[in-house]
Every structure is written in structure tokens, then in C-alpha cells.
Amino acid sequence: MDILISGLLLGGTYALIAMGLTLQYGVARIMNLANGEVLVIGALTAFLVYTSLAVSPLVTVLVIAPLAFAASWLVYRILLLPLVRRAKNQGQLEVDSILATFGMGFFLVGGMVFIYPELFAYSYLAVPVDLAGTTVAANRLVAFGGAVLIGLALYLWLNRTRAGLAVRAVAVSPLAAGLVGINVEKTSALAFAIGGMITAMGGVLISTFITLDPSFGVIFTMKALIIVIMGGVGDIRGAIVAALILGVVETAVATLIDPGLTLAAAYTIFLLVLLFRPEGLFGRRPA
Amino acid sequence: MLEIRNLTVTYGLHKALQGVSLTAEKGEVVVILGANGAGKSSLLRAIAGISEGDVAGDVTLAGASLRSLGADRIVEQGIAFVPEGRGIFGDLSVWENLMLGAYPERARARRKQNLERVVSLFPKLAQRRGQTVRTMSGGEQQMVAIGRAIMSNPDILMLDEPSLGLSPLLCRDLFENLSKIRETGIGVLLVEQNAKQSLAMADRGYLIENGRITGEGQADALLSDPAVQKAYLGGV
Amino acid sequence: MTPGDPILFVNNVTKRFGGLVAVNNVSFEVREHEVMGLIGPNGSGKSTTMNMISGALKATSGSITLKGHDLTRAKTFENARFGVSRTFQLVRILPELSVLENVIAGAVFGHKRRWGAEAEAFAAGLLERVGLAERITAPVGSLTYIDQKRLELARALAGEPSVLLLDEWLAGLNPSELKVGIDLVASLRQEGRTIILVEHVMDAIRSLCDRCLVINSGTKIAEGTPDAVLSDPDVIRAYLGEG
Amino acid sequence: MMPASLRPLLVAGGLLGLAGFVPLVADGYWLSIAVTILMYVALSTSWALFSGPTHYIALSTGAFFGIGGYLVGLGMSDYDQSFWAMAAIAPFVATGLAALIGWATLRLSGVYFVIFTLGLAEMIRNLISWIQNNFLGSRGLYVLTDLDERHIYWMLLAITAGVFLFGWRLGRSRLGFALRILGNDEEVARHVGINTARTKILMFMTTGFVAALVGAVVAPRYYYIEPNVVFSPELSFIVVIMALLGGTRRLYGPLLGVIPFTLLWEVISVSFPNATTMVLGLTFLLIVYGIPNGITGLLSGFAARRSA
Amino acid sequence: ADPIKIGRVVHMTGPAAGGDAVSHTPNVKLWVKQVNDRGGLKVGDEMRLIEMVEYDDKSNPAEMIKAVQRLATQDDVDFLLSPWGTGFNAAAAPIFAKYGYPQISVTNITDEIPELSERFPGMFFTLGSTTGFVEGLRDTLNKLRDSGAIGNKVAMVNVADSFGIELAAVARELLPAAGYEIVFDKSYPLGTADLSPVVKGAKAAEPDAFIAFSYPPDTFALTEQAIIEDLNVGAFYTAVATAFPAYAGKFGSKIEGNLGAGGVNLDQEAMKAYRAAFTKHNDGPPEYWAAATYYAGLQVLEQAIEGAGTTDRQAVTDFIKANEFDTAIGAISFDEHNESRHYWTVGQWKDGAFNAVAGVGVPVGMEPVAKDGWN
Ligand SMILES: Nc1ncnc2c1ncn2[C@@H]1O[C@H](COP(=O)(O)OP(=O)(O)OP(=O)(O)O)[C@@H](O)[C@H]1O
Ligand SMILES: Nc1ncnc2c1ncn2[C@@H]1O[C@H](COP(=O)(O)OP(=O)(O)OP(=O)(O)O)[C@@H](O)[C@H]1O
Ligand SMILES: [Mg+2]
Ligand SMILES: [Mg+2]
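Residue numbers (our numbering), protein chains in the order written: chain A, 1 to 287; chain B, 1 to 236; chain C, 1 to 243; chain D, 1 to 308; chain E, 1 to 375.
Treat the hints as calculated values from the structure; they're not laboratory data. It is possible that part of the hints are untrue.
Heads up, simulated BS3-like pairs for lysine-lysine below, C-alpha to C-alpha not over 25 angstroms straight-line [stated by the list, open to error]:
| hint | chain 1 | residue 1 | chain 2 | residue 2 |
| --- | --- | --- | --- | --- |
| 1 | E | Lys29 | E | Lys5 |
| 2 | E | Lys350 | E | Lys254 |
| 3 | C | Lys220 | B | Lys124 |
| 4 | E | Lys5 | E | Lys42 |
| 5 | B | Lys112 | B | Lys124 |
| 6 | B | Lys26 | B | Lys112 |
| 7 | B | Lys196 | C | Lys179 |
| 8 | C | Lys67 | C | Lys220 |
| 9 | E | Lys5 | E | Lys254 |
| 10 | B | Lys15 | A | Lys88 |
| 11 | E | Lys272 | E | Lys29 |
| 12 | C | Lys179 | B | Lys230 |
Please read these numbers as outputs of a predicted model, since none were measured by experiment.
Take the sequences, apply the hints, and build the full model.
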């Protein structure tokens, strides 16, 4: 029980890290290696506003959403679209986007160092809550709630709205999407921007309980990539389920076997999933 | 209806199409014949707005220019396109493909009627509604592709070698179906290798060689033209 | 050349995809020097059967043997080494290799192996054989559709396979090209190659095949000479259509 | 008369001989740049041997490099082994591991493979740290040798020469041809009789071997081995970026990427000491937009234009 | 007169950046400003200003090596400051030695001091050895145990990186030898997102003392989890970053009584002056551990240059070995292994300040007291 609850909470954190990337990679076909940096920017913003203006991160998360959306939109339109247009095939785009977003990540880290080079941490809702006999931190619970809300909203948007349908269609085949009257570039930009928005929001929520410095992004990027791939590229349910599985497995291994083996366990799970379902949990086989 | 004037398509230095002009009306089937590499696909792709080359010239539909529009807007204007290689959502189910076909604004109101039309053309699609399209056989996928295009409620339906890989039975069905589609008032612009069958049901035809129109006429006239027979009908 | 003894045995082969039975308990033999046609409606299981012979798919049950080699459980590359070669329903050219290298690719690792100058000479010979001699230095990207098909054929021949699988190799050709294509396959037949041919072009089936096998919904419905099966009422109903 | 195919070999041999004299004329700063360049040349070139033709973007360099360095540190600090013994053992351990990993992962293709190899350094670092923590214990892994940068340079030069020789042979071998086919179309590769799994694993092992050897050889340069430094995901990326920048179609492609890139990096570090990371990031972007096909692509573009 | 050029390699980004930004960089800025404000260093009869030359290595040792080489041979700096981190100091040592630069290393904790100083005679050590550290911790625990505040049962966790592994390995010898029973002993990987299983496990073992050889992010995370889980122990120790102002900034009064690596003696006048100057110049107080010692290292260099009256590096090195220096952390001198046996090992939070409770060759600020809950 203990393990399940803690594990799910951790899974919620992972979902926050990965949901944005699954849109960006699955739909806009940009393997965004600057994902972690965007997360850290969200966290840094929350920290700065909290410590200097005493604004609650729950307010920040709402303010940062439109900003991150707009910024990501611009990044896609200005920096990434030329690469998409130029790419002759998916492989080419993958290589180009790896290189370009790696560079962007560097740039963002460098920028953050200018603003705040040190570790940043603040205390927000660091109080114990009793949940079915397990003590958990309220801030983690809030973040989990945030993950659930964001995940749900995203799921409904993708499955119940016309724009969401377009996004899913582009994820499957940009060519065919164009032929059924979907504006592929706009839809990709939208998916990328929403992805960036979710990641930044995740950063804000995570900052309430994780201590970071500007260079931490790469760790999150790697986690996010693993979750996205494990869940199946482009499938939001997959990313969420994979995040939860990873959370529970890591917690179980940490509690029952040894905390030193959590990462090894995570990768083992990753590998096992891919060996038995090479397309990821919810993914479709690459054509 | 659809009018193309002086269309030129260049890939780098290579001119795939030069000064091509043609028209297609609602309710008629127009077939384009030409050897491999003559530029037929280049023509259709340019009209549909997905050309990889540089396009010059005029494309108008009912008088409105399509030249500067993206593929998505062109669909909204009323041109549906089934490219070579089909352009379907391989990872989605048959049904999802058909539903996505009705994505354009213009198609939504008539989704039900169009769906009925598709199912009556291709009953197999209703039986296989849940199958992932990528796992279907070549011919089955072709049905999905055409069905998807009809779902977009087009004025003009463009098909690039739709009979490729179809069994004789289905081939015949396909051409019959195209006739039926014509009867519903849709214009069909068709690129075909199967000259005999396609000319047999078409109203008019164009011949393309090396990127230029080298002949045009009523289908029956072309069918009996000795030069056409020699080049496209296996020299009977 | 007159057909010899059977070399390929397909015994009670079944292939299931989840609930769908794509190939249902099909058996047949192919004799040496024989051209066998495999026809049937779309989705009847022709490509699936070819894929099981080439090893791209594993049969759910049944067995396939070629000259004493069990192909059923072998890996794809092993099937190639045992003497199966194929072309693909959608042409698959190796885009970053030269025309010559595309053919050499078929000669190095497969059934009969060659390397170095010997492979080059052999591949050049094959290119000439399929009518691509002039295009040997052309960039592969510039090949026309029929030339790509020729190239793929040359690659398949390069391993000197015991059995050659042609999956709709003639599809997509216009009538005049079709003639060239049929003549080319006919000349292969003259040489005594063993071929399984999947085609929807009845003229080709009639003029090229010694024998035909018809499957419908994964089940064999007729077998015999082209003329016989193509006038079989079941075949007409399921495949050719009346009238 | 000499056969045309031997010409590049002689040219390469000549260049190599010249490169051998670098430590006699360059010292200090320039030597350490030379060492860095050689290190990346060896890593990028061997990376490209596998990833170039197959298009499998392997991000595992950091993992194998780390194994090399780590084993040297561990052996010398905790088991009183000599540097030479450990430098000899480490690459074989890495090769064994590469075989295992290759066997488990090469069924993955495309992005799945990329991500797994990216996580590999992390995973190996954790496993090793855990083993060390629980079973070995340690007082810091010091690699105290009498080797200075000149010796490291010469060792790296020998490795680089080995990699080039291997690559040259590979380009003329069936294995190399099989790799190219495989990179074009794996399905076709299987159908022409290539044992694709074996081919990929063999090459993955080779890359692992070289990376570990390089990691072992440069360990004395670091003196102290920290897992979170030697198992660096950044290294994996830099190696890939340099190789892609140079171009992976030719054996010498990565070399053409490493040299300008390292020098450019150096110029940036010196000119923008306070914003190195930011400027580097911008430079990456410029490279991606400006040199899409790598430097070899750029060069052959020039050549094509000249002859046209 | 020409300025004195002093070189330094900074980790601006990457895993080592956070530590550098807290413990080194602001001190260097402060020191350069102070010296230049008063006219520079007095070398012989001349007053020479300090000019810093700095490069960023992004926490990459290969880059650092190149940068140090560049400083030494291209920029011809007169002196070099030591980099942040044990590994970086080790990697830099051969180059410092090759060009004869004294290397007053601070953030460098190792048990190999004799070997290293023999190999690199210009390398100095100021922050103590691994064993010295654990001894300080042991002695602190002893005091608490003697006073009856805690029992024998210790839960120990460590980050699975060289630093943590090394300290834990030493602790596994020293603590049982002192009669402690290690009831929980686990490691966790660097970058672990959720340490609640670790703290839960430790709590279940019902320890009297909790020791974590941790890095900055996990120091924060472990403390937060301990608060959430209400891990009530008489001694709660976390390692790196416990001494950081950000630690108190996050937890406020809850960390009253927490033990951690480092600590300083706040009663010393020199320390007071240093802290005041630092706070003024950097808009915030320094951390309570290595920052003061790093500053002291700068003072040693300053006094040695002025004392030797030359920028001759050998002379300055010899001067450092032979003399005692008056610094922010008190008087410093080096023994035959170039080790300054003047350092604090354990500090404790009390009334918003982190006071040293154990040290070697330095007066401690106070005696350790038992932690009394998380309020
Ligand atoms: N994307 C492209 N880039 C460069 N050249 C192209 C491109 N697409 C087509 N071509 C060239 O343009 C010419 C016409 O090609 P197109 O595909 O339009 O011919 P087609 O008549 O449709 O032939 P097929 O019957 O083989 O389909 C050919 O020479 C082809 O090589
Ligand atoms: N991977 C798969 N998963 C699920 N079903 C499949 C898969 N591959 C093929 N099928 C199904 O098996 C049946 C046989 O397909 P196959 O490709 O063998 O047909 P075919 O006879 O070659 O048809 P065509 O003439 O159209 O190429 C089809 O109904 C197809 O949908
Ligand atoms: Mg075409
Ligand atoms: Mg088929």
C-alpha cells in the first residue's frame, strides 16, 4: 500500500516531466532535448516569484502557462519549422532536431546561470498528509493532482475536440493529414507549444519539492524520453501509464530491495517493455 | 470547374511539367495517360498543393485560384486527392480513416450520406472497420484511400493510379464505382496505366509525354486512335 | 525447359494474425524449372504466403522445405542462404548504393556467394541481362519505375536462387512496359529458373505460368494449368468476375 | 606503380607520422588541445563506423568510455593493478558488455535504440556505483601514473591509427558492405542473406571496445575518477555532433568535424568566458542550419559545383 | 606597475556548477575587490593590482585541463586558483606542478594527502581528509551519546558517488569501532527523484541517529522527507549543502539542531569581519563551510606573495610551507604533508546560524546538542 501510494505520487511527477515531450515528439516530430531545461525554467520562475514576491506556485503555474505556450510557439515557427521543411525524411529530422534542441538546451542553461547560478529551493506545503495510512507530503499530492488535471484535460482535448483530432492525425501521418484538410504546420506548432506549456507547468509544480540548479535539465530530459518511448510515441495515455509504472517500480525496488538499484530497475523495465512490445505500451508499430 | 493553365513544375533543374493546360468538369471522368515518368503524378501533386518542386502557372476551381493555398485549404475548396502510395493513416483503423476523411468543414454536414456511399461502394470496409489499415492487403488499402477521399465531399476527386495492385474483379468494380461517383455529380480526374479500361469509362482523356500534353480528346476517339493504341493499349 | 522434380514443399501452412486467418492450411509443391502463378483476390493471402517462404513471416503451423532445408523456423537471412530470393510488392531499392552495388548486394551474402571482382563482373552481367547495362553508372534516384523493378530483379537473381519469388513485379507498368516486363520474365523461364509469380495481370499469368494456384480468403480453391483455373467457375466468381 | 586503393593509406600513414611529432613541437596548451582532438577523433570515427552506415544513432559512447576510465581507476586504486593491466582488461570488459547489450537491444530500432543507449551510461554508472558501494568500498579512485600528456597523446594516436586502419579494412570488407545495406533497408538486408543481428552486434562491440580503450588511456589525465564525470551523457552527444558535423559517409568525415569543432569550441571558451555555454548553444544552432550535410557534404558540394 | 594576473577555471554549468557558484565565485569577487580597493598587492616596493583571467569548463575535466594549460602557457598568469571539487583538483594537480604553481586546494577531501603532496610538492590541503571528517562526526555522536541524548543505533545512507561511497566506507569502519550499531545502510543513485523510501526505511529501523553522506539536492530532499515522515532522532546529519543559506531559507526553524558537514566558529572576530564583508558585497551571507576556508586560501596566497615580496612561484610556495597565516578562519599553517590541520568537520544549526561543533586544530563554536523534533 505504502509502495503503491508513494509510487503513484512519484509516477505523477514523472508524468509531469514527460507529457509535454510526448506531444512534441509524437506530433511535431521534434525530439526536444531542451525539454528538461524548459522544466527547470518553470521551476526557477516559481522559485523566484515565490521568494521575491511571495506568490504561490499555484498562481505561477497559471501565469506561466500562456507565456510558455507563446514562447514555444515562436521557437517552433522560427527555429524548428525550417528544419521540418528541409528534412527529406523522418531520420533526417530526428538528427537535425537532436542537434538543434541540444544547442537550445545549452543556450537555456547558459541563460539561467546568468539569472541564478545556485541551487534553488523553497518550502511550499511541505506538510505531511495521511493517505490510507501512508504519510505523504502535501506538495507531492498537489503536484500529483496537477498531473491528473493536466493529463485529463489533455486527454479530453485530444479525443473530444476537432483540434485534438487534427493533432492525433498529424501524429500518425502528416502527409495524409494534409490531404484531409488539416493544416499540418499549424497543428504541429500547436502541439509543440502545448507540449512546452505542459512541461513548464510541470516544472513549477515540481519545484515545490525538488531542489534544482540550472544544470539539472538533462536528467529530466532523459527520464522524459524514456517514459515517452516506453509509453509509445505520441500516445498520451502511454506516457501517463509508463510514468506511473516507472514510479511504482522504482518505489518498490527502493523499498523492498535497495534504493541504489532504482535507476537500474527503471532501465530494466524500459528494456523489457521494448523487447516485448517494441512499439511501446500504447504505441503503434513504426511503419 | 477545375481549370489548369500553363502549369510548370520543376525539381531543381529538371522540368517535370511544362506549360500544361487542362480542365475537368463536375460529373465527368477525365483520364490522363502517359508513360512512367511522364509527369502525371507531378501534375496531380501540384494541383493538390503537395508538390515538392517549384510550381508555376494557374490552377483555379470554379474561378477561384488555388495556387497559393496549402494542401488543407485546397481540400476545403473541394479537391480530394488519393496519391500514389495512397496517403492513408496506416496506424489508424479503417473507421478512423474514414472519419478523418470528413475532417474538412465542407464535409461535415454530409458525413452520413458520404459514409453510406462509401460503404455501398466497398462493403468490405464496413466488415473490417476496426482493422489497422497498415495490416491490410494492398487492394484493401486502396479501398480505404478512395473511401477516405469521398468522405471529404469533394467536387473533384483526383486519383493517382488507383487500380495499381487490384485484382481484375476489383479493378472492374473500381471503374464501375468511378462511374457511379460521376453520377453523383463529382468530377473525377484520374491518372491510369490501365488505359483500356479507364478510357472505356472515361468521358475525356489527355496524353502526357515528357511533361507536355501531346494529345487530348473524347475518350472513345482516343480509344480508337491508332497512335494511342500503339503507345498505351499494347499495340493491338 | 521442362519442369523437373519438386524442390519446394509447402505443407498445410496456416498463418494467423490475431483472430484473422490470412492463410488457411495451404499446401502445394513447386518443381524445379517451373513457373508457378499464385493468384487470388486482394487480401487472399498471397503476399503472406510469399512472406512465409522468404522467412519474413513465420507460419503459425505447417512446414515449408526447400531442397531438404526447413524454411519454416529459420531466420529470414537463413532462408536467403538456403536459396530463396524475392522482389517486394512495393519496390525496395537501396538508395545510397550505386546501381551496381545494389545488385552486388544480392550476390555477396546469399545462396551462391561471390565477392570482389568476381561479384562485380557477375552483377554487371546481370544488369545487362535485365536490360540495365546503360544505366550502370546512373544515380539510383534517377531510375524510372521500370528500371527500378529491373534492378530489384537483378538483385534477386544475384544470389542464383533455387526459387525466385516475384510479388506483383509487373504491377504499375503501362501496357508497353508491361510487354517488356513479360518478355523479361519469359526469358527467365527459358533459362529454367524456378519462379513463384504473384500477379493480377491475367495476360502475364496466361503467357508465363506452367501452373497456377488460386487462393481465396487464405484457402486454396483451385490448382492447375492457367487455362484450366482461369475458366474454373469458382475462380471466376471469386476473382475474375463474371462477364 | 601502386594500386590506387593504397594511395589513401600512404597519405594517411604520412599524416600519422607527422602527427607523431606534435608533442615534440607543441607543449602545454597546444598539446592538450591535440590530446582532446585525438580523443574525439578516435571516439567519433569509431562511432561513425557503426552509426554512419547503419543510421543507428548510438548514444552509448559515454557508457563505454566511462567503463574504461572507471575500471582503470578501480583496478589501480583498490586492487593494486598496474595501469597497463587495467587498460588492457577494460576494453574487453566493455566489449563483453556491448555484446550483451547489443544482443538485448538491437532488436530495437530507430528512436528506441537511441534512447536506450542514451540511458545506458546512467544505468551502468548506477550499477557500478551500487556494486562498489555495497561490495567493494573505496577510498577514492586515484589513477596515479607517471604518464604525462605526451604519452597519452601517443597512445591515443596509436588507437586512432588502429581505428582508421580498421575502418579502411572495413570499407573493403563484406562486413562493411553488409552494414551499408543494412543502413539502407534492413528488410532487404535480411532478404539478401545478411545476419543483421550479428552484424550490428559485432560493430556495436567494436565501438564499445574503442570507447573503453580511449576511456582507459585518458584516465591518467584525470587523476581521479568520479563516476558522474566519466559516465557523461554529454560526451555521447559531443561525439555524435562532431561526427555528424564532419559527415559520416567518409572515413575521414569525423576527423573533419572534430578539428574545426574543437578549435571553434576553444575560441568560444576564450572569447566568451562568461557565456561559453550560451554561445556554444547558439553555435550548435548555426551549424545545424548552416551546414546541413556536414563538412564532407559541404566539400563535395563545392567539388560538384566546380566540375559542373 | 603591471597587474598580477591570476587565473581560475570556473564550472559555470554542469554537475559541479552549483557548488562553485556558492563556495568559490563570490569569494573570488570579494577578494579581488578588497585587494584592488586598497591599491593591490604589495610586491616588493610595488603595489600591483589583481587581474583575473577566467574560463568556463562546464564541469568537464578534459575542458578544465585544457583551460588550466591555457592559463599557464598562453595567458602566462602569475598564479592559479584551485578549482572546485576533489576530482578537479586532482586532475589539475599535474599541470599546477609542471609549471610550479602553488595549488591551495580547498574543496578537495581525500585520504590520499601524503601521496599527493609527495607527488605534487606545491599542492596544499585546507579542508581536511575523509577520515578526519568521519572522525569529527564520530566524536560528535560520542558527545551526544555520552550526554545520554542518543543511543547506539545509527541509520546511514549515502549517495552512490565517489564522495558518498568513500565517506560511507570510512564510517563503516570507524562507527562500529566506537560501539555504534549500523541498523540501516543503504545507498541511492545521484539524481534520485524521490527519497521517501529511503527515509521510510531508515525510520523503520528505529535509529537514534541518522547520517546521510549526501549531495546538495538530496540533502534538501532527505531533510524534507524526514520532516514529512517525522523522523525523530537525536542526531540528524546531512553532508554537503547543509551549511548553505538556501538550506535555512527553505526549512526555516525546522532544522534547529540539524548536524551537517562543515560549520564555522562565528565567535571569531576574523570570521565576523569576513562574513560581514561578504554579505555586503554579495547581497547575502556566505555558506558556513568551505566558503570561509576558500577565502582563507586566497588570504594565504595574498600574504605569501606579499611576504615573499615576489611573484616567483617557487618562493611563494616555500613561503606558504614555512609560515603561519592570519585568515578568516584563524591562524593557518601547513604540516609536512602540506595539510592545514585547522578545519571544522561538523556544524549544527542553532538560532539560524550553523555553528561548528567539531573540528581539528580550531576552536569550536559550541558543544553539540540533541535535536528535538522538527518544529
Ligand atoms: N520529388 C521529386 N524530386 C525530383 N524529381 C522528381 C520528384 N518527383 C518526380 N520527379 C521526376 O519528375 C518526373 C515526372 O515524375 P512523375 O512522378 O510525375 O511521373 P509519372 O508520370 O507519375 O510516372 P509514374 O507512371 O511512374 O508514376 C520524373 O522524371 C521524376 O523522376
Ligand atoms: N501484419 C498483419 N496483421 C494483421 N493482418 C494482416 C497482416 N498482414 C496481412 N494481414 C491480413 O491478411 C490478409 C492477407 O494479406 P496479404 O497481404 O497476404 O494479401 P494479398 O493476397 O497479398 O493481397 P493483395 O493482392 O491485395 O496484395 C489480409 O486480409 C490482410 O489484411
Ligand atoms: Mg506517378
Ligand atoms: Mg500482396
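A quick look at each hint next to the structure:
1. Of the supplied pair hints, the one linking E/Lys29 and E/Lys5 holds, its CA atoms being roughly 14 angstroms apart against a limit of 25 angstroms.
2. About 10 angstroms separates the Cα atoms of E/Lys350 and E/Lys254, which keeps this hinted pair within 25 angstroms; it holds.
3. Taking the CA atoms of C/Lys220 and B/Lys124, the gap is near 21 angstroms; set against the 25 angstroms cutoff, the hint holds.
4. Taking the CA atoms of E/Lys5 and E/Lys42, the gap is near 14 angstroms; set against the 25 angstroms cutoff, the hint holds.
5. Taken as a hint, the B/Lys112 and B/Lys124 pair is honoured in the structure, with Cα atoms around 18 angstroms apart against an allowance of 25 angstroms.
6. Between B/Lys26 and B/Lys112 the CA atoms are separated by roughly 22 angstroms; this keeps the pair inside 25 angstroms, and the hint holds.
7. A distance of roughly 15 angstroms separates the Cα atoms of B/Lys196 and C/Lys179; the hinted pair therefore holds under the 25 angstroms criterion.
8. Our distance criterion of 25 angstroms between C-alpha atoms is met by C/Lys67 and C/Lys220, whose separation comes to about 23 angstroms.
9. Under the criterion of a C-alpha separation no larger than 25 angstroms, the hint pairing E/Lys5 with E/Lys254 is inconsistent with the structure, at around 45 angstroms.
10. Of the pairs offered as hints, the one joining B/Lys15 and A/Lys88 holds, with about 20 angstroms between alpha carbons and a cut-off of 25 angstroms not exceeded.
11. Taking the CA atoms of E/Lys272 and E/Lys29, the gap is near 18 angstroms; set against the 25 angstroms cutoff, the hint holds.
12. Proximity of C/Lys179 to B/Lys230 is assessed by CA-CA distance (about 12 angstroms); at most 25 angstroms being required, the pair is judged to hold.
Violated hints amount to a single one, hint 9; each of the other numbered hints is respected by the structure.
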